[in-house]
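Protein chains: 2
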Amino acid sequence: MNFMRKSLLSITAEIGILFYSLFKWIFLAILAGVVVGAAASLFLLILHESIDFVLKYSPWSFVLLPAGLVVSTYLVKTFAPDAAGHGTEKVIEAIHMRSGRIPIVVVPVKLLATVITLSVGGSAGKEGPCAQIGAGITSSMASLFRFNDIDRKKLVVCGISAGFASIFGTPIAGAIFGLEVLFIGQVLYDVLLPSFISGMVAFQTASLLGVEYFKFPVELHATFSESGFVLAIASGVFFGLVALLHIEIIKAVEGLSGKTSIGPYKKAFYGGCLLLVLGLLFGTRYFGLGTETIEQALSGKDVPLLAFFLKPIFTSITLSVGGSGGILTPTFFVGATSGVTFAKIFGLDPMLFACIGFVAVLAGAANTPIAATIMAVELFGSSVTAYAAASCIVAFVISGHRSVYPSQILARPKS
Amino acid sequence: MNFMRKSLLSITAEIGILFYSLFKWIFLAILAGVVVGAAASLFLLILHESIDFVLKYSPWSFVLLPAGLVVSTYLVKTFAPDAAGHGTEKVIEAIHMRSGRIPIVVVPVKLLATVITLSVGGSAGKEGPCAQIGAGITSSMASLFRFNDIDRKKLVVCGISAGFASIFGTPIAGAIFGLEVLFIGQVLYDVLLPSFISGMVAFQTASLLGVEYFKFPVELHATFSESGFVLAIASGVFFGLVALLHIEIIKAVEGLSGKTSIGPYKKAFYGGCLLLVLGLLFGTRYFGLGTETIEQALSGKDVPLLAFFLKPIFTSITLSVGGSGGILTPTFFVGATSGVTFAKIFGLDPMLFACIGFVAVLAGAANTPIAATIMAVELFGSSVTAYAAASCIVAFVISGHRSVYPSQILARPKS
Chain P
0 MNFMRKSLLS
10 ITAEIGILFY
20 SLFKWIFLAI
30 LAGVVVGAAA
40 SLFLLILHES
50 IDFVLKYSPW
60 SFVLLPAGLV
70 VSTYLVKTFA
80 PDAAGHGTEK
90 VIEAIHMRSG
100 RIPIVVVPVK
110 LLATVITLSV
120 GGSAGKEGPC
130 AQIGAGITSS
140 MASLFRFNDI
150 DRKKLVVCGI
160 SAGFASIFGT
170 PIAGAIFGLE
180 VLFIGQVLYD
190 VLLPSFISGM
200 VAFQTASLLG
210 VEYFKFPVEL
220 HATFSESGFV
230 LAIASGVFFG
240 LVALLHIEII
250 KAVEGLSGKT
260 SIGPYKKAFY
270 GGCLLLVLGL
280 LFGTRYFGLG
290 TETIEQALSG
300 KDVPLLAFFL
310 KPIFTSITLS
320 VGGSGGILTP
330 TFFVGATSGV
340 TFAKIFGLDP
350 MLFACIGFVA
360 VLAGAANTPI
370 AATIMAVELF
380 GSSVTAYAAA
390 SCIVAFVISG
400 HRSVYPSQIL
410 ARPKS
Chain Z
0 MNFMRKSLLS
10 ITAEIGILFY
20 SLFKWIFLAI
30 LAGVVVGAAA
40 SLFLLILHES
50 IDFVLKYSPW
60 SFVLLPAGLV
70 VSTYLVKTFA
80 PDAAGHGTEK
90 VIEAIHMRSG
100 RIPIVVVPVK
110 LLATVITLSV
120 GGSAGKEGPC
130 AQIGAGITSS
140 MASLFRFNDI
150 DRKKLVVCGI
160 SAGFASIFGT
170 PIAGAIFGLE
180 VLFIGQVLYD
190 VLLPSFISGM
200 VAFQTASLLG
210 VEYFKFPVEL
220 HATFSESGFV
230 LAIASGVFFG
240 LVALLHIEII
250 KAVEGLSGKT
260 SIGPYKKAFY
270 GGCLLLVLGL
280 LFGTRYFGLG
290 TETIEQALSG
300 KDVPLLAFFL
310 KPIFTSITLS
320 VGGSGGILTP
330 TFFVGATSGV
340 TFAKIFGLDP
350 MLFACIGFVA
360 VLAGAANTPI
370 AATIMAVELF
380 GSSVTAYAAA
390 SCIVAFVISG
400 HRSVYPSQIL
410 ARPKS
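Chains P and Z are the protein sequences, given in the same order. Quick note on numbering that gives the first Met the number 0: the first sequence kicks off at 0 and runs consecutively. Quick note on numbering that gives the first Met the number 0: the second sequence kicks off at 0 and runs consecutively.
To be clear, the hints were calculated from the coordinates, so they are not data collected in a lab. You can trust all of the hints, since none of them are fake.
Within a straight-line C-alpha distance of at most 25 Å, the following computed SDA-like cross-link-like pairs (lysine to any residue) qualify:
| no. | chain 1 | residue 1 | chain 2 | residue 2 |
| --- | --- | --- | --- | --- |
| 1 | P | K5 | Z | G257 |
| 2 | P | K5 | Z | I248 |
| 3 | P | K5 | Z | K258 |
| 4 | P | K76 | P | P405 |
| 5 | Z | K5 | P | R401 |
Pair ranges (Cβ atoms, derived):
| no. | chain 1 | residue 1 | chain 2 | residue 2 | range |
| --- | --- | --- | --- | --- | --- |
| 6 | P | L280 | Z | E225 | 43 to 51 Å |
| 7 | P | F144 | Z | L143 | 55 to 63 Å |
| 8 | P | D301 | Z | E294 | 42 to 50 Å |
None of these values were measured; they are calculated from a predicted model. Every residue, glycine too, gets a C-beta built ideally from N, C-alpha and C.
With the sequences and hints as input, model every part of the structure.
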């Protein structure tokens, strides 16, 4: 029985270490969740108040665009050059290049610059900045606790997950997104537990503080059929190509903008003027977050057939001339509207495919098929799971090893 | 515009390669799904007919146990020594050690030996053998197509996913389980698409052929609350320890059995007699698959408080003396009954915690938190997602780097 005693001892020791680590990380995760959830709520409150305030003077308020972009450029250049560019991308870069070190000044600067960019009508997202705020706060917490690089990275990943969870309104998908987005083809299982708890706590905190999320008109009741499944796979091919287009437009515009040799403030001003001209041509729905258009698409209402093509142009101009913000909301915009387009072309249910496109283009553009599928379950109910998973996985494969986030590291090829 | 032309060309070439690979693997995945789904249906049909036939003579039929185990030992030793041991473990070993090479003779031998073991009352599961059948068939397909080792491995993983999907009755969880179970802390993203399609097609094939799945009395409607979430996390600690106990009992009994120096047929016979004695002492519910007890637990009915402790003893004796079968059904048995025990101890809803235990012990024992969470959504509806995810992830962390499958390779530590 000696071997049993030894095995019992080793199990006891192992469990002891596990429990210590477990309680430490549950505590840290809850702390990070509460703080990031509260900060995200503050960000969203200021953002929505500002957007509403400016919208009162709409459509004339849009003439503020060039000036707004200049101010955003000034803020970021002067106080936090690290906060330039779109949110999630900078966070991924910080994790991979600097063990998650993000200066705390990024938090207020990013918050303010994003609020200004979005309120004057710049086309950008709010998720990335929120992840950046979460990462900035947890990075400072790690410095306060004198964490080593490994623990710092883990805590910052929790902060990212908390940021996403509190802004997506889908806590599980948000938490998993934070774990899946850092690499292509890898989930960070070692941070699974604390990230998940941070995400859930941040979401609950934000909800308690009165944050309201996307309202979906009705839970989908899709009945599974073989032909429906084949269509879902076909839609995945389409959404994968749309994701690819989205990625390439952003890259091309950023490349063109990087090649122009005018100074940053002039660039911001001219970029703003260009956006105004585009807005006159194609309408104001491409300005700002575009929440209304996303909701229209998800309720199966009509949207312009080429909306999914125009949104990335507006977004890439906004971000490449100095606007601050993320690209996830625009990605949702592209996904939902391209779903309506797909449904119109093939005579299908626009609402169902807007919902599938919403998650599938995310899966393809950000390389997060698991988080996107879970998001579908959280948003649209479990009846849509098989279709959403099929479309997300195909879109993920189709987009290849490209990404809206150039800093993502390829951990495992897709096929 | 030269760089745009070049970039366009490279995208076109990339898409071409992608589409070729896509169509090849969709075709292979559908083929594997249909064949494995049909074979799994045949296996299940023979299994259930045999169990029903023998049960008519119950309880006297259990005296066949020693003889049945001797026959199972004879079959496996003579015709397919590779098919010895529990199913999933052998499949994981084949993938890691022999690029998925599994002789086709394993398929009929495993089928027959498992049917005999389970019909006479041996305590074992049907999932592992089914995964082994799927792997054996796809390995032969790969030889037929003269695949290289990389493609063979991928196709065999599809076969495994198809086997699980057609027997779990939860196609998405089944497919993901096949991708998550090979390593600890790694999902095989490069086989995500074909595995998923194989799983869906196999499940549809089995359903069309009349396979029926676990019936759950009613979809759960859990309303999320903070205290419920804390309880779910606490239950994860309990279920993780239960998973650990399950793993250690199996390991200890296998170790003891390996140390006895009597011949294999005598061992099978004495093992069968020992099981009969245990059955007389603790009842017949621990014989066979134990489906009835699992269903009782999941409907919130009373089960013995220590059922979760007795089942692994019956199972490990059955498997270590030459019985053929898997350990997933026993793991579900342990999970569901330990959930009832947990609920009784703390005065909670036994049905809810039986459902959570069902997936959480799986997550802890097999190290598959994502597949287990998806399984909860597929079986119990999306209202239980947050609780199930919390419990599964905690159980996964608690069980440490142990596993019911010693061949699992550690790809990423859990914390």
